[in-house]
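Following the hints, put chain C in place on chain L, whose structure we already have.
2 protein chains.
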Amino acid sequence: MDEGRVIEVKREILSDNTKAADEFRARLRDKRTLYVDVMASPGAGKTTLLLALIKQFREDAKAAGEPEPGLGVIEADLESDVDAQKIKAADVTSVELNTKGVCHVEMGMVERSYAAFGDLADGFDYLFLENIGNLVCPADFDTGAHTRVMLLSVPEGYDKVYKYPPMFGVVDALIVTKSDYLPLNPDFDMDALKRQAKVLNPNLQVFVTSARTGEGIEEVVQFFRGKREALLGK
Amino acid sequence: MDEGRVIEVKREILSDNTKAADEFRARLRDKRTLYVDVMASPGAGKTTLLLALIKQFREDAKAAGEPEPGLGVIEADLESDVDAQKIKAADVTSVELNTKGVCHVEMGMVERSYAAFGDLADGFDYLFLENIGNLVCPADFDTGAHTRVMLLSVPEGYDKVYKYPPMFGVVDALIVTKSDYLPLNPDFDMDALKRQAKVLNPNLQVFVTSARTGEGIEEVVQFFRGKREALLGK
Chain L
150 MDEGRVIEVK REILSDNTKA ADEFRARLRD KRTLYVDVMA SPGAGKTTLL
200 LALIKQFRED AKAAGEPEPG LGVIEADLES DVDAQKIKAA DVTSVELNTK
250 GVCHVEMGMV ERSYAAFGDL ADGFDYLFLE NIGNLVCPAD FDTGAHTRVM
300 LLSVPEGYDK VYKYPPMFGV VDALIVTKSD YLPLNPDFDM DALKRQAKVL
350 NPNLQVFVTS ARTGEGIEEV VQFFRGKREA LLGK
Chain C
150 MDEGRVIEVK REILSDNTKA ADEFRARLRD KRTLYVDVMA SPGAGKTTLL
200 LALIKQFRED AKAAGEPEPG LGVIEADLES DVDAQKIKAA DVTSVELNTK
250 GVCHVEMGMV ERSYAAFGDL ADGFDYLFLE NIGNLVCPAD FDTGAHTRVM
300 LLSVPEGYDK VYKYPPMFGV VDALIVTKSD YLPLNPDFDM DALKRQAKVL
350 NPNLQVFVTS ARTGEGIEEV VQFFRGKREA LLGK
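As given, the protein sequences belong to chains L and C, one line each in that order. Numbering of the first sequence is given in my numbering, commencing with residue 150 and proceeding in unit increments. Numbering of the second sequence is given in my numbering, commencing with residue 150 and proceeding in unit increments.
Remember, identical chains collapse to one label, so a pair may be satisfied in a single copy or spanning two.
List of simulated lysine-lysine pairs, BS3-like, C-alpha gap at most 30 Å: (1) 168 - 347; (2) 347 - 249; (3) 168 - 249; (4) 249 - 343; (5) 237 - 347; (6) 180 - 383.
The hints are simulated quantities; they were obtained by calculation from the structure and are not laboratory data.
So that you can see chain L by itself, here it is in the shape it has in the complex:
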């Protein structure tokens, strides 16, 4: 295997991808849409967290007497539509992106998925990409998002920073999920996780959440609201 050639091809692909990502980012900014890339291992609870966030966004708007924010979701999956069905059941505008076995999402896929929303996309205040369940490949590919976040579930264990450094390095926030499992995991060292993650990525924000108990969900919603306001220059 000619490693030199393979790396060369990869570099070329990544550079084309980054150019397309920058254009997409600017385009969605002009549409006043904050675009969020959500990454994690399989089973970390991406779909469940998204459903909890969507519910919170809607409840907050209702409590404030404001119109519901426009929300869209791109559901990336290797093959199936299991998650896309769950999102649709919650009455959220969503598009299913099947990568056909590819372990990451790249810009061609994002652009085709976004086009599939048609005019509906004009009303999005927030667009979420639920990326492929994978802590490795997605870190390499800019998906054109304004902010990238990663989830880490308590049952996975806290010792993941040194194992998956690229992922921890590219995200703006680490969202610890399934905090209701903490009593069962006395070895889960939250302080060590935060410390290690911030050594690698000093600007990282860390949230501790449970979709089951509701812990931390409002804080994550506030984080995204703040990101959107910053994007729009408010």
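Chain C in isolation, oriented as in the chain L frame:
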């Protein structure tokens, strides 16, 4: 991005890899070593299961008045040596394989790791490869193993078969881990998991285990013993 060209390069790489894998498989068979590839998501409990299996192998040998089986472990990780240190602490002959960010293990890496064992490898009855924490990429790359197994932890959820079909398709056994979490996961539908997995892979063996309680560990050890006997034509 020229998808045609990239697929062509990938096919070439895979074909070279498979040839090397077949040679390696034959070589380890001649050495009477059963070589097992262990795959799973990050945090599914690969290292913990390996430690439990090793302990069981040793205890069984002691109880039977037999010599301890020769055990070796190749610990693949993107960057760190977190898992390799745990395996070393259990006094197991191990080699650390850093893929430097690559999301799968391929034969060049296996061969170099195996060579690093030196003469020690001659005494292996079993060699385990703890593959990269990833349910996608490793499925594509034959690692030269005689048997491949995957782990799925209860907290990840049971609905993974349709999401990661290539992985479920290439393994001989599905080892469900962290079964002590089942009481906390009333939605985990074990029957549905088994049914879906066996539709995709009719010969799949399924084990339900907990390294914490010891459930199922002896059954997995028996499975590997049976595989080794079959390999040696006993």
